[in-house]
Amino acid sequence: MDRVNLHSIKLWWLLVAFLSGMAVAMVAEELILRAHGSRLEFAPQVPFLSAPTLLARLHNAEEVPFDMKATVFTGSRDHEFAHNEERFVVSYDIWEETFAATRMKDPQKQVKHMKANALEAWCISQMSLDLAGLGSSEPFWARLEIRAENPERDRGLFGQAVGDSGISLLSTLTDIFSRPAARQQPHWELNSPRLTLDELRRRKS
Amino acid sequence: MGLTAMPGDDELPLPVSNVTNVNGRFTVESVTLVGWTMQSVSHSLRADLDRVVGQKLDHPRLEQLAARLKKELRVADVSVKVARGSTPEHVVVTFEVTKGNPRRLDLEVAKFLYNSAESWNGEATATTHAAGNTFMVGVVSDEDVLVERYTGVRARFERQEFGARRLGMSFEFDNFHDEWNPSTLAAEPASSPELYHDRQVFSPEATLRIAQAVELDFGARFSRIRLSTPATRTESSNGVVTTLRYHPRWGSAEDPARPGDPEHAVDASYSLEAATYALGSEADYTRHYFRARYRFHHVHNLLEIGFLAGKITGIAPLFDRFVLGNSSTLRGWDKYQIDPLGGSHMVHGSIDYTYRWVQAFYDAGAIWDRADEREPRQSLGLGLKKDNFQLAVAFPVRAGHADPVFYAGMNF
Chain A
1 MDRVNLHSIK
11 LWWLLVAFLS
21 GMAVAMVAEE
31 LILRAHGSRL
41 EFAPQVPFLS
51 APTLLARLHN
61 AEEVPFDMKA
71 TVFTGSRDHE
81 FAHNEERFVV
91 SYDIWEETFA
101 ATRMKDPQKQ
111 VKHMKANALE
121 AWCISQMSLD
131 LAGLGSSEPF
141 WARLEIRAEN
151 PERDRGLFGQ
161 AVGDSGISLL
171 STLTDIFSRP
181 AARQQPHWEL
191 NSPRLTLDEL
201 RRRKS
Chain B
206 MGLTAMPGDD
216 ELPLPVSNVT
226 NVNGRFTVES
236 VTLVGWTMQS
246 VSHSLRADLD
256 RVVGQKLDHP
266 RLEQLAARLK
276 KELRVADVSV
286 KVARGSTPEH
296 VVVTFEVTKG
306 NPRRLDLEVA
316 KFLYNSAESW
326 NGEATATTHA
336 AGNTFMVGVV
346 SDEDVLVERY
356 TGVRARFERQ
366 EFGARRLGMS
376 FEFDNFHDEW
386 NPSTLAAEPA
396 SSPELYHDRQ
406 VFSPEATLRI
416 AQAVELDFGA
426 RFSRIRLSTP
436 ATRTESSNGV
446 VTTLRYHPRW
456 GSAEDPARPG
466 DPEHAVDASY
476 SLEAATYALG
486 SEADYTRHYF
496 RARYRFHHVH
506 NLLEIGFLAG
516 KITGIAPLFD
526 RFVLGNSSTL
536 RGWDKYQIDP
546 LGGSHMVHGS
556 IDYTYRWVQA
566 FYDAGAIWDR
576 ADEREPRQSL
586 GLGLKKDNFQ
596 LAVAFPVRAG
606 HADPVFYAGM
616 NF
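Chains A and B, in that order, give the protein sequences. First residue of the first sequence? That's 1 in the numbering used here, and the numbers climb one at a time after it. First residue of the second sequence? That's 206 in the numbering used here, and the numbers climb one at a time after it.
These are computed hints drawn from the structure, not numbers from a lab. Remember, predicted model here, so these are calculated numbers, not experimental data. C-beta: ideal position from N, C-alpha, C; glycine also. Possibly wrong hints are sitting among the right ones.
As the list claims (entries may be wrong) - Cβ-Cβ distance ranges computed for the label pairs, FRET-style:
#, chain 1, residue 1, chain 2, residue 2, range
1, A, D78, B, Y558, 52 to 60 Å
2, B, W562, A, G135, 54 to 62 Å
3, A, E97, B, V280, 29 to 37 Å
Chain B with its partners taken away, still in its complex shape (with noise of 0.2 Å):
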């Protein structure tokens, strides 16, 4: 038998069609989501998956519309079916949502950053779901966020939908021991705020999904401190916390079919804590906490803007006392420096612009208790970031003598 090509086959001439899949002329009919509700799916890339219908059938695109959604909705897996349509030529699309988790456990490093001002920061998690139910426990040992090194351990119930599909709740429970830096023990108030040794917080909250971008959180803290002086002395700081969210998105960058399109993204919120004696608290103050981040994101082009703001009115335990100067805010300060006690006021503003892997970025701000404490800062910083992980060098704006300070890590 000879093996050549078979006599009366379709071979073609040369140059062949780009489109090596034979089923790339058939139209998409319909798409469909199966195993979870279209309307809890993003507007973006609700629109991008529209946008499938009445096109040439692109699988490689319907796998990465399947990541999207899979990475979205937070699922085990996402599968593209496709089968034929109702009428010849025409193919209907099924994503086929798998909810479990086939991990029974999962761990995470949560975060991990070396700040040379600080030192070394982690925190890593184990989770695990069952039925609708998620618990997670990690251990943490962070110096960057606060102006305390807390290390210690949380434990964490979570439940997505509780009673009612837009209605969620979890409970917190946070065991610290912390430890102060020089500068702050130096410092220390003959008054309030006291330094403390150990911190338990326990945090009931339940989420209102109001709508497609908004979110209400809702519940209590109840945070219990024992203090440095005397050893043996407890104080309490309970009080209700509501925060409200707003976070849009726009276009679809992550859609490699369409890379032209840019990406608009808000993530707002405000957050109050107002601690009450009515709660057998022994500090009563009240803590405004206002957030806003644009994101906008074009081909190889991400620009980030980010602004905060908060104010505490009455005596605030030191954990809930803002800080700037750290790996997130005015970068290349010393926090010591700025304030080593935090502040009560702080408003603050940041500029990163990532071209590809390289990133450069601009923060101002300004830390106070008392009005004519406040001094505006500034620093500058470049580095390179691809996914979470970042490496940055970023220098105070100031006259003098200005050491650089170093971040590498991820999700910081």
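Bound conformation, chain A alone (with noise of 0.2 Å):
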């Protein structure tokens, strides 16, 4: 009986050890780059669009603003060597069933009548970053974050908290610990690991 039950820990340990490294390496997942000529460019891996809530929102009509931000570090990853900042607004034509975008930044574009995957990638093409002065063998690394913007509301002193009948305590206090926001808010961020534009290269080739 012992034997019996000493085989199904070491089982059960084997599963838990395995989901676990699993879980870590869809966590820890490595940002997938590419180099032409002197401009880094980002893979589209990520699924940003498919985040329930945003695309709940995005399917009642409403407009949902991403922030993407692309780094690139040298030294010993404390330089920051160059970044890129864009926000895009999304929304999501109930009639045609597609996606638009507009990058706000100038030049502003603007995308139409395209499927997720489609405007996901040509979020992403828009941040590519140009490295020149940055030496071939020099060590990098690159990182993409995403964020969704949370709808605004309740704007005010005590936003929603005040009220004809005075200031709601319980509605100030559950807005103070509920922050900071970025909890809620749907983020993803990607780092690569040590790379050289060399070993960029050679890999295209």
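Put the two chains together into one complex, using the hints given.
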């Protein structure tokens, strides 16, 4: 009887270890990069339009702003060599069932009539970075961050806590302790391993 | 795989449209309210909801309307749902009302005021809702409203719909300990009205919603006071009370999509309270009280004109006598200097003008027992006002030295 239990425990441990490894691998997903001359491009590997809460807002004819930031670090990963920040406002055409996006930074661009994965790819393609001045064998690390903005509501001194009958203590406390909002905000962060432009070019060839 | 813009995509040349939501080209076919009757929505808000029909879809505007609905209907949430309409390029909009309050208990600071002529005043309440009933308990200490400082507890039960949609009911019980200003103690008359230590009030009332902007409250008020001298003696003041209220509103200044539209609102009421021996009352008096307030709101300008008038026949207890010279009437005057025992007749007018956060006001009024005591007084003031918060300084208009009075707080 004891032996059977021992076997069961080992199997359980194996299963737990396997699932934990998979989970860690999924969370620590590496950023896939490509080099075109001195430009660094990011692979469209983040299905950011698939988040259920965002998809529900989009299907309800709302627009959802996404903030993206691409950064390249050099030195001992402590020097920001280049970065690019963009805001994309995405909406979903409820009659056509296609997506559209507007890049808000100048020069503004707009795309329409796209499927989700094509729109994700277009947004990511706008995040490429110019690495002119970076040595071919100089090591660097890249990071891509994507953050969806929560709907704006309840502006004012105390937001919704202030009503005709007074100021609601529970509302105020709830608001305060539910911050930082970033915890509710759908966001993604992908990091590359240590790379050089030479290594990227060799991968391409 | 190259990651430049997708070949064949619909990337537009500069400049792009200001409309970032592709659904902004669709026309709203209809607007419906689910979970609430449209008839119980105010005229101005209903008009704003109706205006959405036939317009292009503007989601932020719909969210603003949902927020106004939530505030007006006092419900837990109002969400906006947009779906395809019956014809292409059209959409239907549904406002879904969630009645139940997700918060079992709401703690609220109902009033907070510092008045340099008096002291601190405050009221905090705890409210819970269940099955259409509202239960509230609160603690209060207030010297601003009456001649006395009353400190104690309130408990209230309220039901919005009692057998019929137009009929509501409420019961309130108050238990207060009373303190008196030295000016009042010095002015205490040998005869009635007498000072008291404690006061208990029980008020059962019904509310009949006659029309959209007309309501009638009717009920009774049973008050028992324990007199200061002798300490063991109690007296009752029981009577019937009725209030007729009229509060229409026109325009839609609250609609950010129509910022140029002015909004007018009137809030007027007439109250009659008759204490009678027939209800076991030791006092026999009649109290008439009329108040009206007109409000005009246009862009950043807010103009409010107020009028109050009151008359008591017979000898009313001190808590029912009129007071001028507090944080809402004859601001800048000290009520204890004007009339430390309150008055049986009163008339008062005020004009408040607010531009953005800056407020200026003018008050004029008189309070008296006998006609020869009637002395008109005026005051002026300046302040800052945002939402329910206010900070103000007011001066009595009179010859000679005039000390300013400072007010700071909310909901006063």
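G135(A) and W562(B) - C-beta distance against the hinted 54 to 62 Å
For G135(A) against W562(B), whose Cβ atoms are near 57 Å apart, the range 54 to 62 Å holds.
Against the range 29 to 37 Å, how does the distance between the Cβ atoms of E97(A) and V280(B) compare: consistent or not?
holds (33 Å)
Starting from the hint 52 to 60 Å, judge whether the C-beta atoms of D78(A) and Y558(B) obey it.
holds (58 Å)
Violated hints are absent here; each numbered hint is respected by the structure.
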